[in-house]
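Construct the complete structure from the given sequences, taking the supplied hints into account.
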Amino acid sequence: MDFRFDILVEYIPFFVKGTLLTIGLSLVGILIGTVLGLLIGLGKMTRNKPIAFLCSCYITFFRGTPLYVQLLLIHFGVVPLLTGNTNGILASIIALSLIAGAYISEIFRAGIQSIDKGQMEAARSLGMNHVQSMKDVILPQAFKRMIPPLGNEFIVLIKESSLASLVAAPELMYYGRALGSQYFRVWEPYLTAALIYLVLTTSLSYLLNRLERRLATE
Amino acid sequence: MIEVKNLKKSFGSNEVLKDINAFINPKEVVVVIGPSGSGKSTFLRCLNLLESITAGHVTIEGVDITDKKTDINKVRTEVGMVFQQFNLFPHKTVIDNIMLAPMRVRKLSAEEAREKGLELLRKVGLKEKADAYPDSLSGGQKQRVAIARALAMEPKIMLFDEPTSALDPEMVGEVLEVMKQLALEGMTMVVVTHEMGFAREVGDRVLFMDGGYIVEENEPKQLFENPQHDRTKSFLSKVL
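Heads up: the sequence lines are chains L and H, in that order.
Quick note on numbering: UniProt numbering labels position 172 of the first sequence as 172, and the sequence is numbered without any gaps.
Quick note on numbering: UniProt numbering labels position 164 of the second sequence as 164, and the sequence is numbered without any gaps.
No wet-lab data here; the hints were simulated from the structure.
One should not assume that every hint holds.
Just the calculated beta-carbon pair ranges, DEER-fashion [unchecked claim]:
| hint | chain 1 | residue 1 | chain 2 | residue 2 | range |
| --- | --- | --- | --- | --- | --- |
| 1 | L | I23 | H | G37 | 55 to 63 Å |
| 2 | L | R63 | H | A166 | 46 to 54 Å |
| 3 | L | C57 | H | S13 | 51 to 59 Å |
| 4 | H | K156 | L | A216 | 55 to 63 Å |
| 5 | L | K135 | H | N25 | 35 to 43 Å |
| 6 | L | F61 | H | G37 | 41 to 49 Å |
| 7 | H | A110 | L | L81 | 39 to 47 Å |
| 8 | L | T46 | H | S109 | 50 to 58 Å |
| 9 | H | E177 | L | L54 | 51 to 59 Å |
Even for Gly, the Cβ is constructed at its ideal location relative to N, Cα and C.
Here it is, written out as structure tokens:
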């Protein structure tokens with residue numbers, strides 16, 4: 001097999017642009033997904049039955065259907081309904097945030113519920129109210145336990161952002177596919193894309209490992 | 001100081017407390033004994049509403065804690081609790097464990113809370129452990145910190161839920177010693193325990209519980225040497 005570096009060189013500017021958008025989509029998805037996840041997770045744990053039920057439905061739908069299907073629904077259905085136009089980047093951000101929110105809400109809930117109930121009892125027995133006990137006693141401990149699964153979810157999100165190429169958001173895979181179809185090549189575009197994804201995901205897991213170790217020794 | 005009237009508590013269909021009537025006088029040390037499953041821990045946990053009450057009334061210093069309008073957080077600041085499993089906050093140092101509630105609830109400044117915390121640690125003999133994390137302490141030390149933490153809120157009543165049951169035998173003494181000191185200082189205490197020696201020596205009154213009822217109560221000497229009920233006799237014959 002021959003490997004044509006010349007066409008890769010030609011595509012360097014596109015790979016750079018694509019990688020930047022991949023990072024952008026992932027970061028925004030992680031940020032919005034985390035905020036959404038916290039809200040949905042707390043919502044599912046409240047004693048308010050209708051809110052808990054709605055949050056359950058949300059999680060069931062977004063965890064139980066493929067991201068690809070959600071992306072198409074949002075790209076061709078929801079976004080045109082709201083803005084009158086299709087917009088690949090906007091649709092991708094919405095879809096990634098919503099699915100991340102569903103997974104992250106379960107991570108938050110599991111983290112909070114994994115803390116021994118004696119901790120809440122001790123805090124409450126000292127006269128602290130529910131919110132104070134959550135903030136000062138439960139969440140700091142739960143957060144440490146959430147880091148490994150959150151890291152996992154972030155890595156999944158970087159990889160899943162590649163689906164955005166299917167709704168013409170010009171991220172990494174979009175340019176990979178463009179290169180592939182322009183020159184009818186397989187190895188150059190997809191191996192390069194794979195390598196860039198690997199660099200992104202391994203850098204992220206390195207950072208998360210460091211954070212985890214730092215918190216463990218505190 | 002505490003008055004319990006017709007207290008009932010069920011978990012689902014399982015009625016754990018059937019009809020409890022009791023009172024605790026100021027400065028009194030009341031020890032609750034009984035076989036496991038008799039409801040003694042549940043009874044104690046109802047006194048600060050860690051368990052919701054199914055029926056009946058608990059009045060603390062004239063405040064009915066079963067009344068929905070009662071601010072339970074305020075009541076709990078007056079009622080300290082020490083748990084079998086210590087329940088120290090593992091992400092905070094010993095002194096931070098003690099300072100947290102006085103700062104958050106009593107709104108003390110960090111310096112005031114720290115000063116009081118150190119004084120309490122000196123009292124339980126652990127001043128040098130102020131900046132250690134709970135994980136580095138022995139069970140006995142953890143429980144002494146937990147007692148100091150509860151005392152930092154300056155409660156009028158202290159509840160002890162089997163405070164020595166999770167300890168290695170050689171560490172039981174140091175915790176009981178702190179509790180004894182507290183009793184001598186006039187603290188009102190309700191103690192659920194299997195330490196009959198402590199009940200006899202420090203208790204002003206002993207309640208014997210079985211099957212969700214207080215079967216018998218008396219001064220320790222009377223109850224241990226001259227039990228009236230068959231169930232008390234049979235229990236004491238097994239543990240003494």
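Verification of the hints:
Checking the proposed 55 to 63 Å range against L:I23 and H:G37 shows it holds: the Cβ atoms sit about 59 Å from each other. A hinted range of 46 to 54 Å for the beta carbons of L:R63 and H:A166 is inconsistent with their spacing of about 39 Å. For the hinted restraint 51 to 59 Å between L:C57 and H:S13, the CB-CB distance of approximately 31 Å leaves it violated. Remark: the range hint 55 to 63 Å for H:K156 to L:A216 is contradicted by a beta-carbon distance near 40 Å.
The hinted range of 35 to 43 Å is satisfied by L:K135 and H:N25, whose Cβ atoms lie roughly 38 Å apart. Between L:F61 and H:G37 the beta carbons are some 45 Å apart, a value that agrees with the proposed interval 41 to 49 Å. Between H:A110 and L:L81 the Cβ separation comes to about 54 Å, which falls outside the hinted range of 39 to 47 Å. In this structure the supplied range 50 to 58 Å is violated for L:T46 paired with H:S109, their Cβ-Cβ distance being about 34 Å.
Remark: the range hint 51 to 59 Å for H:E177 to L:L54 is upheld by a beta-carbon distance near 55 Å.
Checked against the numbered hints listed earlier, the structure breaks hints 2, 3, 4, 7 and 8; every other hint is satisfied.
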